[in-house]
Every structure is written in structure tokens, then in C-alpha cells.
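> Residue numbers (the numbering used here), protein chains in the order written: chain W, 1 to 192; chain P, 1 to 192; chain B, 1 to 192; chain Y, 1 to 192.
No wet-lab data here; the hints were simulated from the structure. Think of the CB as a built atom: it goes at the ideal place given N, C-alpha and C, for glycine as much as any other residue. One should not assume that every hint holds.
Just the calculated beta-carbon pair ranges, DEER-fashion [to be verified]:
1) P/163 with W/169: 53 to 61 Å
2) Y/52 with P/149: 28 to 36 Å
3) Y/177 with W/192: 51 to 59 Å
4) P/163 with B/78: 46 to 54 Å
5) Y/106 with P/107: 41 to 49 Å
6) Y/31 with W/159: 47 to 55 Å
Example chain W residues on the side facing chain Y (calculated, C-beta under 10 Å, incomplete) [stated by the list, open to error]:
7) 13
8) 24
9) 25
10) 31
11) 35
12) 98
13) 99
14) 168
15) 169
16) 180
Pairs of lysine-lysine, DSSO-like flavour, derived with a Cα cap of 30 Å [what the hints assert, rightly or not]:
17) Y/48 with B/142
18) W/150 with P/3
19) Y/187 with W/94
20) Y/150 with B/187
21) W/150 with W/75
22) Y/187 with P/137
23) P/187 with Y/137
24) W/142 with Y/150
25) P/48 with B/48
26) W/3 with W/75
27) P/192 with W/137
28) Y/150 with Y/106
29) W/187 with W/106
Protein chains: 4
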Amino acid sequence: MAKLFFYYSSMNAGKSTTLLQSSFNYQERGMQTLLLTVAFDDRFGVGKIASRIGLEAPAVLFDGNTDLCVLIREKLDEGRIDCVLVDEAQFLTKDQVWQLSDVADKLGVPVLCYGIRTDFQGQLFEGSKWLLAWADKLSELKTICHCGRKAGMVLRVDENGNTVREGAQVEIGGNDRYVSVCRQHFKEAMGK
Amino acid sequence: MAKLFFYYSSMNAGKSTTLLQSSFNYQERGMQTLLLTVAFDDRFGVGKIASRIGLEAPAVLFDGNTDLCVLIREKLDEGRIDCVLVDEAQFLTKDQVWQLSDVADKLGVPVLCYGIRTDFQGQLFEGSKWLLAWADKLSELKTICHCGRKAGMVLRVDENGNTVREGAQVEIGGNDRYVSVCRQHFKEAMGK
Amino acid sequence: MAKLFFYYSSMNAGKSTTLLQSSFNYQERGMQTLLLTVAFDDRFGVGKIASRIGLEAPAVLFDGNTDLCVLIREKLDEGRIDCVLVDEAQFLTKDQVWQLSDVADKLGVPVLCYGIRTDFQGQLFEGSKWLLAWADKLSELKTICHCGRKAGMVLRVDENGNTVREGAQVEIGGNDRYVSVCRQHFKEAMGK
Amino acid sequence: MAKLFFYYSSMNAGKSTTLLQSSFNYQERGMQTLLLTVAFDDRFGVGKIASRIGLEAPAVLFDGNTDLCVLIREKLDEGRIDCVLVDEAQFLTKDQVWQLSDVADKLGVPVLCYGIRTDFQGQLFEGSKWLLAWADKLSELKTICHCGRKAGMVLRVDENGNTVREGAQVEIGGNDRYVSVCRQHFKEAMGK
């Protein structure tokens, strides 16, 4: 009866902090957690989950070719895992989300995924799309727009603060170029 | 500050009942609601939202070509609308979900959408996909699997009760051919 | 691992409709439900749960002296119960809420309670107080104030529509004397 | 339309971390927050909110005699406040919870309260009781029992790890004497 959880948000809502706190809670009770994050995110160094507020912990890296159910089964052979926590879950492939559902359903280990819902053009990330489809529980981690409303959308801005309306979904190089806004300010900035 | 709500569920969870109760609540307070549903659903007659438990109310029909923001703006010209309620929201197009976000953001009318999350193969419906992406608030209407767990997935079964694994996403002809199950029983039945 | 759920709301949000729909969902899957409601509520006749929108079903009556765990254990001896649904749960005693937690924890039957959070003076009902304390999951059934905001509070009004500020918590005689409002309109009406 | 939020949990779920992350989010967007905590909590020094995971921030202290609406109105006269965050909210008085609802309703500033739901005997804390009654939104911050289930209850244990069944609701001297457990393990430990 283990579950697959998806904690979704826009940028800079504190996903990594929440993930690290949950892991800490497990460990404090003498339980073991496995932290996973994607390999191409080199913002905070290889093999770490770090939050802007100053917390960090080591994490196992994976890329789009990793079979996460196989990886976790192997880790289980090495020792106890009470909970799997996945950062940057928006970058999971469709197959990997299904594999994580198998970790809950077939290996009996709860999986907590943290990811961004939509990209700077309002399109769904692949991992988020299938977590929204299949997770047992969807929870929003809230952050706020500069206007005080909840910020559910993400804008990409250039070095002058101007909205970037076109480009690749992922641009390696940090989150200083993204800003979370409410849907009304997203529409205004994108001219929609 | 009106919001776009998405109440998602598997089949036969009571979406239409919940929609009709919400509309009733508005009307009871002297407020006006606009009920919308898709035209090709002829299960309960043209221009009605009906629930299996025995409730029904007239509804405006639309199809994939209707601009819902234009339609609702026209209705607003005719009279007050305090809330728009959309049944079978899984069949909305991507554009129509965006139009409904405009109804909330630009016309200031709250929009409540009710729809099925995934189809009989576990794939997202188009309308649900974009409501999961853009709605201000996601709420699950729960129903149960025959095993007592929450039923988040839908199976299509033939007249003998056997699982149908292939076919079109939508097959006109009633919901007696669908059954809601938990993800574990979905996997078992689909051989996944 | 059965759970105790509390669906709370102000007046006239559709609690009984939601309860009856949930019971219907269980029965439709060939499962058995037990419906309970308090004896002194004679609005809709003895031994019934009825909703303003037109649905009803027979229910076992209990009063403040009934040991609900004993009652349900006896019913279980007579036959299968997959879910217990309790209407008017605000009138439960503290002991009865604990007994219902035992039904979940010790008898393994999920319990769904539906009740009003606070009375016409903004004070907690006894049953709601302990359900808010002990339930595994708290869910709000929303309704709206005449101003369009969520209505979380309840006012008692006399035959002329004037707010009644003093009196007994429960006054037998129907819900036409109660109106759900947002906290701001509650404060205005109560002079707080 | 500012709201009063109550984030409730058992002990050691990460309430202070979540509070500090929310405050950080506001400040990162150039907004101002006011942090409040009760004066008699000297675990982490006077005038601080600190989390076990290693974060901290200065906070304004108050006790049971402070009128929080007056205090916040005075702070507003000194400068902008976009959000008020209250730690240890279980220790608020009934009057103070109402005052915080006024901060939302009359001063228009959102208030986020973080507190423990029930004490080591399963009884409601005063502040939590009225936040459960009046808050616009109730959200659970989850932590886990040693058995893997959600931990909704709190036990007090002595230096030998034995459950303490009697005593004052609050015992100054740190949280090393409290452990969060599921309701079933609470009943077992308390002999209920």
C-alpha cells in the first residue's frame, strides 16, 4: 500500500527544502531514505540536492536512460530503504514515472517526487505530465507572485529582466533567469 | 481573482452529482450558474447533465470548435453568471482550457471543471492534461476499487467482463463498459 | 489501515448529497455501507438521511448514549460492512468520536463523517472539535457566501432575516433559519 | 481577501522549516514578512525561530496577553508587511486566533500559523482548537511513525523511553521528550 506522491510547484517555491526536511524526518526516526536527482543539473555540484535556503544532502544521480525500478531494486538488495525522494522530477521520462509507480506498487516503498509543473511557455514538462496522470496524491507547494497572488506559472527572463517568449524548454545555467508569477501576470508578460 | 478549478477522478465517482450540488448551492443563494457539457455525449439526452444517482439539470452543449470564452462572454451580455460549471471536461481541447482560464482571469467568473484523469490505457485525456497543467486548484473526487483501495485508474471491459487493452480513447455508448480500479489492479488487468 | 475522515463545512454545502453519493459508489461495486445519523434530527423523518437536492437513504439512528464501536461491532456480526458513513457528525460526543477512531483502527472499517464546523456564534460543535483533533484526513466541502467568497461561518436568522446573536447551540426546527457566510460577513452581522 | 492559514502537524514534522522557507520566498521577491513566536519557548534563544534541520531567523516574541491585531497594526505603521508567520501557534489564546483573523479580514495581511494539533494525551491545544475552527485553510504537514504510517499523535516519554500518561500539557525543556506516532501506536502506548 505504498504510494506515489507528486509535490508540484512553480520555480523557487522551496521544493528541495521540503524534500530534505522529509528525508530528515525519516532519518530522525532511524529509517533510511534514498535521494535521487537528475545528472545534468550541475547547479549545486554533482550528486547533491541543495536548496537555496542553505540545506543540502548527497543524492544518487540518474539520467533519462536509467531504469529507476531496477536501480532501486538493486539499492534494496544492499540495504533497507523506507522512502525514495526524487528532486527535479519534471525531467523524468514517461517510462521512469511508471517505474516509480512500480516501486510503490511492487516493491512497497513510498516515492515522493518534487517537480515544476509547467515550463516558461506554460507547457507541461514530461515528468510532471505523467506524475499528474498517475500519482496517488497531488500536492501543491505554493509560492507567491510579486502581486501577492499564488504563483502557478514560470517566466524566463533575460539579463535585463525582459520576458523570453521562445527557446528550448531547458536551458542549462541556473534559475536566476526564471521568475514565478500568477497566471494573469504570465499572460500579460507573454502577450496572451 | 476568480479561479479555475479542476475536480478530477476516475469513472463513476460522482462528478456530475458534485457539479449539480455546487450549481444548486449557488442558485439557492440567488446566484446564477452556467452549465456546459460536450455535444457528442448523448447518454442522457441532448442538453442535460445527469448523474447516475438520479439528479439532472439542463446544460449548454459545446463541441471542440466552440470558443468557450466567446460563448461565455455572450451569455454574460444576456445576464448575470456567478459560476461556470463544465462536465466531461476531459474532452476539452487545449485551446478551450486556456479559454476557460481567460473566463476566470479576464471575465472574473469562477470556472469549475469536472473530468476523468486518464483513459482505459492510462493515457491522459487532452482536456484533463491541460487542466492539470493550468488549473488554480486540483481536487480529487475519490471512488473505490473492488479491493477497497482508492480507484485512480479506469479499465474498459467487454460484455463478458474481460479487459479491453486496445482501441479508440472514446467509444460512444455508455459507461457500463468502464470500471474504476486501483493502480495495482489496473496493472494486473493490463498485464503491465 | 482503515481511516477516519472528516468532511466539514458550513450549512447547506451539500454534505448529505456527498455522503449519499459515496455510499452509492460503494454499493455499485457490490460493497456494503452502514449509514448513521443522530436520532433527534427529525427534519426528514426518522431513520433517513436526506439531502435538499432530492436524494435520500435509510440510516441507523443513534443518540449521545450509543456506544458506536459496540453498535458497529454488532452490525459486523450480522454481515459485511465496507464503510461507515455518519451524517450530522457535529453532534457526536467526544467519546463517540474516539469510538469511531476505534472502528477504523481496531475493526478495520473506514469511517466517513460529515458535519458542520462551527455554530451560529462561531463556537465549535463537540463532534467537530474532536474530529478536527483526531481524524486522519480533514476535507472541506465548500459553499459560497452571497458575496461570492467561500462561506466558512454560519449565521442564525429570525423570520425577518435578522441575525440572532444569542441562544442555544441547537434549536430544533429546520435549517431555513441558518445561512452560510464568509468570515467577514459573519463579523459584520455579529458586530464583532 | 487575505486569508488565515493553519498548518498543523504532530511534533518534529518540520513546521519551523516550512515557515522559514515561506518567509524566504516572500523576501526573495522583495516582500516583507513579520515572524512571531511565543515568549516562553526558550529552546533556541530569545527572539528566534529555529528548525532542527539548521535554519533560523529572528522573530518578534509575544505572550498570552499580547493583542496581536494591535501589535501588527503598529508594525504596519512602521513599514510594509506582506505576510505574518506565527510559530508555536498551538499556544495562542482563543482571543489571539480571532485577532489574527482580523489581521487577514480587516488589515488585509495574510497570516500563516504553524502549530501542533494535539498534546501528549490527545487533547487539543487552545490555539490549534480555534485555528481548526476558524482558519480559511487547514493543511497537514506530515511526518511518519516508526511503523511507516503517518504520525498524527504525540507521545511524551521519560528518560528511559517509557510513555508518560499524566502531567501538565506543557513542560518546558525541549522536544527530546516527545515522539510522534500513528493513532494505533498512540492507543497502544497510552493503554486506550
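> Look at each hint and say if it fits the structure.
Hint check results:
The given range of 53 to 61 Å is broken by residue 163 of chain P and residue 169 of chain W, whose C-beta atoms sit roughly 36 Å from each other. In this structure the supplied range 28 to 36 Å holds for residue 52 of chain Y paired with residue 149 of chain P, their Cβ-Cβ distance being about 34 Å. Evaluation of the 51 to 59 Å hint for residue 177 of chain Y and residue 192 of chain W yields a pass: the beta carbon distance comes to about 56 Å. One distance hint, 46 to 54 Å for the beta-carbon pair residue 163 of chain P and residue 78 of chain B, is violated here, with the actual separation near 35 Å.
At about 29 Å, the beta-carbon gap between residue 106 of chain Y and residue 107 of chain P misses the expected band of 41 to 49 Å. Between residue 31 of chain Y and residue 159 of chain W the beta carbons are some 23 Å apart, a value that contradicts the proposed interval 47 to 55 Å. For the restraint placing residue 13 of chain W at the interface with chain Y, the shortest Cβ-Cβ distance is roughly 7 Å, inside the 10 Å limit, so the hint holds. Taking 10 Å as the C-beta cut-off, the interface hint given for residue 24 of chain W holds, the closest approach to chain Y being about 5 Å.
Hint status for residue 25 of chain W relative to chain Y: holds, with the closest Cβ pair at about 5 Å, below 10 Å. For residue 31 of chain W, the interface hint holds, the least distance from its beta-carbon to any beta-carbon of chain Y being 7 Å, beneath 10 Å. For residue 35 of chain W, the interface hint is violated, since its Cβ never comes within 10 Å of a Cβ in chain Y; the closest pair sits about 14 Å apart. The beta carbon of residue 98 of chain W comes no nearer than 23 Å to any beta carbon in chain Y, farther than 10 Å, and the hint placing it at the interface is violated.
Annotation: residue 99 of chain W was flagged as interfacial toward chain Y, and the flag is violated, the nearest CB pair being 21 Å apart, outside 10 Å. Hint status for residue 168 of chain W: violated, given a least beta-carbon distance of 25 Å to chain Y, over 10 Å. Hint status for residue 169 of chain W: violated, given a least beta-carbon distance of 24 Å to chain Y, over 10 Å. Interface hint status for residue 180 of chain W: upheld, as the beta-carbon distance to the closest one in chain Y is roughly 8 Å, under 10 Å.
Pair hint residue 48 of chain Y plus residue 142 of chain B does not hold up; C-alpha atoms about 37 Å apart against a cutoff of 30 Å. A C-alpha spacing of about 11 Å is found between residue 150 of chain W and residue 3 of chain P, which places the hinted pair at or below 30 Å, so the restraint holds. Taken as a hint, the residue 187 of chain Y and residue 94 of chain W pair is broken in the structure, with Cα atoms around 42 Å apart against an allowance of 30 Å. As the CA atoms of residue 150 of chain Y and residue 187 of chain B are separated by approximately 37 Å, the hinted pair breaks the 30 Å bound.
A threshold of 30 Å between alpha carbons decides the hint, and for residue 150 of chain W with residue 75 of chain W the separation of about 39 Å lies outside it, so the pair is violated. The straight-line distance between the Cα atoms of residue 187 of chain Y and residue 137 of chain P is roughly 36 Å, outside the 30 Å bound, and the hint therefore fails. Distance check on the hinted pair: residue 187 of chain P and residue 137 of chain Y sit about 36 Å apart at the alpha-carbon level, beyond 30 Å; violated. Of the pairs offered as hints, the one joining residue 142 of chain W and residue 150 of chain Y holds, with about 22 Å between alpha carbons and a cut-off of 30 Å not exceeded.
Taking the CA atoms of residue 48 of chain P and residue 48 of chain B, the gap is about 29 Å. The hint holds against a cut of 30 Å. Between the alpha carbons of residue 3 of chain W and residue 75 of chain W the distance comes to roughly 19 Å, so the proposed pair stays at or under 30 Å and holds. Restraint check for residue 192 of chain P and residue 137 of chain W: the C-alpha separation of about 21 Å stays at or below 30 Å, so the hint holds. At roughly 37 Å between alpha-carbon atoms, residue 150 of chain Y and residue 106 of chain Y are farther apart than 30 Å, so this suggested pair is violated.
Taking the CA atoms of residue 187 of chain W and residue 106 of chain W, the gap is about 43 Å. The hint is violated against a cut of 30 Å.
In the structure shown, a violation is registered for the earlier hints numbered 1, 4, 5, 6, 11, 12, 13, 14, 15, 17, 19, 20, 21, 22, 23, 28, 29, in ascending order.
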